[in-house]
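Take a look at the letters that make up each chain.
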Amino acid sequence: MTAVKQGAPEEGALKEGALEKRRVAVPPARPPARGGAVTLRWVAARVLGWSVLAGFAVAVLYPLLWMVLSGFKDNQEIFEQPWALPGALRWENYARAWELGVVRYFTNSVIVTVASIVATTLISAWAAYGLCRLRMPFGNAVALLVLGGLLLSPTVALIPLFRLLTSIGLFDTYWALIVLYTAFRVPFTIFLIRAYMIELPREVDEAATLDGASTTQIFWRVILPMCRPILVSAALLQALFAWNEFAFALVFVSDDSMKTLPVGLMAMQSRLLTDWPVVLAGLTIAALPTILLFMAGQRQFIRGLTEGVGK
Amino acid sequence: MGALLTRWRTVVWVLPAVLLLVVFVYYPIADNLRLSLFSWNAFSPEPRFVGLDNYAEAFGDPVFWRALLNNVAYAVVSLVCQAGVSLVLAALLEELVGRRLRGLLRTLYFIPAATSITVAGVLFSFLYNPRYGLVNAALHAVGLGHLARAWLGEEGSAIWSVIAMSQWQGIGYTAVLFVVAIQRIPREFFEAARVDGAGPVRTFFSVTLPMVREMTTLVVILTISGAFLVFNEVMVMTSGGPDNSSQVLGTWLYHQAFFEDDMGYAAAVATVVFVVTFAIAALQLALSRRRREDA
Numbered sequence: 001m002t003a004v005k006q007g008a009p010e011e012g013a014l015k016e017g018a019l020e021k022r023r024v025a026v027p028p029a030r031p032p033a034r035g036g037a038v039t040l041r042w043v044a045a046r047v048l049g050w051s052v053l054a055g056f057a058v059a060v061l062y063p064l065l066w067m068v069l070s071g072f073k074d075n076q077e078i079f080e081q082p083w084a085l086p087g088a089l090r091w092e093n094y095a096r097a098w099e100l101g102v103v104r105y106f107t108n109s110v111i112v113t114v115a116s117i118v119a120t121t122l123i124s125a126w127a128a129y130g131l132c133r134l135r136m137p138f139g140n141a142v143a144l145l146v147l148g149g150l151l152l153s154p155t156v157a158l159i160p161l162f163r164l165l166t167s168i169g170l171f172d173t174y175w176a177l178i179v180l181y182t183a184f185r186v187p188f189t190i191f192l193i194r195a196y197m198i199e200l201p202r203e204v205d206e207a208a209t210l211d212g213a214s215t216t217q218i219f220w221r222v223i224l225p226m227c228r229p230i231l232v233s234a235a236l237l238q239a240l241f242a243w244n245e246f247a248f249a250l251v252f253v254s255d256d257s258m259k260t261l262p263v264g265l266m267a268m269q270s271r272l273l274t275d276w277p278v279v280l281a282g283l284t285i286a287a288l289p290t291i292l293l294f295m296a297g298q299r300q301f302i303r304g305l306t307e308g309v310g311k
Numbered sequence: 312m313g314a315l316l317t318r319w320r321t322v323v324w325v326l327p328a329v330l331l332l333v334v335f336v337y338y339p340i341a342d343n344l345r346l347s348l349f350s351w352n353a354f355s356p357e358p359r360f361v362g363l364d365n366y367a368e369a370f371g372d373p374v375f376w377r378a379l380l381n382n383v384a385y386a387v388v389s390l391v392c393q394a395g396v397s398l399v400l401a402a403l404l405e406e407l408v409g410r411r412l413r414g415l416l417r418t419l420y421f422i423p424a425a426t427s428i429t430v431a432g433v434l435f436s437f438l439y440n441p442r443y444g445l446v447n448a449a450l451h452a453v454g455l456g457h458l459a460r461a462w463l464g465e466e467g468s469a470i471w472s473v474i475a476m477s478q479w480q481g482i483g484y485t486a487v488l489f490v491v492a493i494q495r496i497p498r499e500f501f502e503a504a505r506v507d508g509a510g511p512v513r514t515f516f517s518v519t520l521p522m523v524r525e526m527t528t529l530v531v532i533l534t535i536s537g538a539f540l541v542f543n544e545v546m547v548m549t550s551g552g553p554d555n556s557s558q559v560l561g562t563w564l565y566h567q568a569f570f571e572d573d574m575g576y577a578a579a580v581a582t583v584v585f586v587v588t589f590a591i592a593a594l595q596l597a598l599s600r601r602r603r604e605d606a
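Protein sequences appear in the order of chains A and B. For the first sequence, position 222 (counting from the first letter as 1) is numbered 222 according to my numbering, and the numbering increases by one without interruption. Just remember that my numbering sits 311 ahead of the position in the second sequence, which is counted from 1.
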């Protein structure tokens with residue numbers, strides 16, 4: 001997601017729940033005011049609208065449901081009654097997928113994701129602090145450098161990065177992925193955090209300075225705690241990115257025991273070509289963490305997305 | 312002197328970010344331009360300068376054009392779905408659905424975007440399976456059995472099947488962006504339209520559509536540049552096959568670099584992708600700057 005936050009500062013950070021509250025004043029659509037009668041056309045339009053919404057919901061959900069359910073089937077059931085419910089809940093498919101590789105890929109994904117979340121959020125918060133709350137030489141040049149970073153995409157850099165990582169000995173290590181996931185996401189995350197940080201009143205820093213706090217203390221004790229909501233958004237978006245990233249993980253890690261889930265699952269699919277239930281069970285296990293994370297932190301997710309994407 | 316030192320010490324805050332960017336983002340892009348002028352491979356570390364030969368080779372290669380065309384197809388279909396269909400879905404969601412259910416549907420629509428491309432890609436390659444896949448089974452069930460085919464295995468359908476999966480994954484994401492944009496429209500506009508007797512369709516065209524213009528511009532630009540950078544979807548589902556029919560520029564450069572070991576050629580293709588996406592991104596910046604000046 002390369003996107004630029006260009007919003008005017010006073011529009012500010014989205015307050016928790018503000019979106020939902022602002023709208024309660026307006027009742028849902030009623031029949032047209034003129035005449036007031038519920039016409040046939042009105043009914044037909046609503047039925048059509050609802051069918052579109054419901055149809056899309058089914059189209060989105062059904063493949064995923066099929067994936068979860070087929071993970072409980074045996075091959076014969078999948079091939080002969082693809083639409084039916086599983087005859088029994090074969091948890092052993094999930095256990096087998098876990099043992100046959102998912103556990104290793106899963107662990108690798110956790111390591112890379114957690115490390116890159118910590119690195120990206122911290123490094124970006126530092127930079128945002130320097131850029132918007134301190135008077136720094138070449139501040140504008142740095143801001144431009146960061147902005148430019150938003151425009152450069154990973155796909156284009158695959159070959160030189162391959163050379164670079166090989167020559168500095170990072171190829172085929174966790175570090176390759178951690179460093180790249182951080183470097184390519186830092187620009188976006190800086191803009192996300194900066195948009196929030198710039199809103200905090202100046203008086204906060206001034207009061208702390210008068211109390212004798214250094215800029216380092218102000219950052220850790222005052223500014224960082226105040227930025228918690230946006231840090232959560234930033235961390236969630238980074239989690240989604242790192243957990244699902246594919247291209248770097250494919251090119252810069254070749255040892256099977258180092259692979260993360262997205263690439264590991266592909267390897268598993270080609271190893272277990274005919275064992276559909278186990279592969280599908282593996283897919284389900286891989287998909288669960290980010291789906292659950294999204295559901296749990298939905299508001300923070302959406303704030304991050306829309307703030308980051310500009311208004 | 313002390314004050315100057317204090318000012319310079321503030322640089323420390325941005326140093327890690329700047330170093331990371333310079334070493335792992337900027338340097339590789341610049342290096343790529345240089346590397347595209349050499350003929351070299353991973354095992355002969357002595358590159359030979361060939362000028363623009365790699366570019367000439369690319370422009371004379373039918374697969375390069377095929378890949379570019381597939382990127383364009385990706386862009387066109389994604390535009391219709393991510394900018395068009397998503398906006399309609401978002402507007403319907405806002406117009407018809409009560410608060411609670413709306414939240415639920417919004418979550419539901421977004422779920423595919425939260426899954427990784429491998430999960431979605433491998434899942435769809437099962438659905439597209441010629442013998443046991445649900446897609447063919449469904450076609451047979453509704454009497455359209457003659458349409459059944461090996462979706463990912465035939466030159467005519469491979470790239471379209473990948474594109475279709477991509478829309479499944481992406482529409483919910485942009486729909487959520489549009490929902491937020493619609494919710495930012497002041498309620499009075501809708502009230503006014505209602506008082507004037509405008510129906511939902513009229514309201515959509517004269518209130519919603521113009522008021523979400525900024526988001527639309529943004530989604531359009533993100534979608535187009537995304538379509539030229541596409542790599543994962545194709546890699547997971549077809550690796551560019553059969554017979555290179557579903558190559559896109561991203562997979563083609565990967566194939567050239569790591570299977571044909573023609574690194575210089577691959578770097579030239581990467582430069583083409585860079586130029587296209589950089590131009591699009593710069594356009595976005597220019598547009599959003601003008602927007603800010605208008606405001």
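In case anyone wonders, no lab produced these hints; they're calculated from the structure. Hints may be right or wrong, so weigh each one.
As the list claims (entries may be wrong) - Under 8 Å between C-beta atoms, here's a sample of chain B residues computed to sit facing chain A:
hint	residue
1	Val325
2	Leu407
3	Ile422
4	Pro441
5	Phe542
6	Ala577
7	Ala593
8	Leu594
9	Ala597
Every residue gets a Cβ at the ideal spot worked out from N, C-alpha and C, and that includes glycine.
Structure-based check of all given hints:
Taking 8 Å as the C-beta contact cut-off toward chain A, the hint placing Val325 of chain B at the interface holds, the least distance being around 4 Å. Given the 8 Å rule on beta carbons, the hint for Leu407 of chain B holds: about 5 Å separates it from the nearest Cβ of chain A. Look at Ile422 of chain B: its Cβ gets to within about 6 Å of chain A, closer than 8 Å, so that hint holds up. Taking 8 Å as the C-beta cut-off, the interface hint given for Pro441 of chain B is violated, the closest approach to chain A being about 12 Å.
Here the hint on Phe542 of chain B is kept, as its CB sits about 5 Å from the closest CB of chain A, short of 8 Å. Taken as an interface hint, Ala577 of chain B checks out: its beta carbon lies about 6 Å from the nearest beta carbon of chain A, inside 8 Å. With 8 Å as the threshold, the beta carbon of Ala593 of chain B comes within range of chain A, its nearest partner Cβ sitting at about 7 Å, so the hint holds. Restraint check, Leu594 of chain B versus chain A: the minimum CB separation of about 11 Å is more than 8 Å; hint violated.
Nearest Cβ of chain A to the Cβ of Ala597 of chain B: about 11 Å, over the 8 Å cut. The hint is violated.
When held up to the earlier numbered hints, the structure conflicts with 4, 8 and 9 and fits the remainder.
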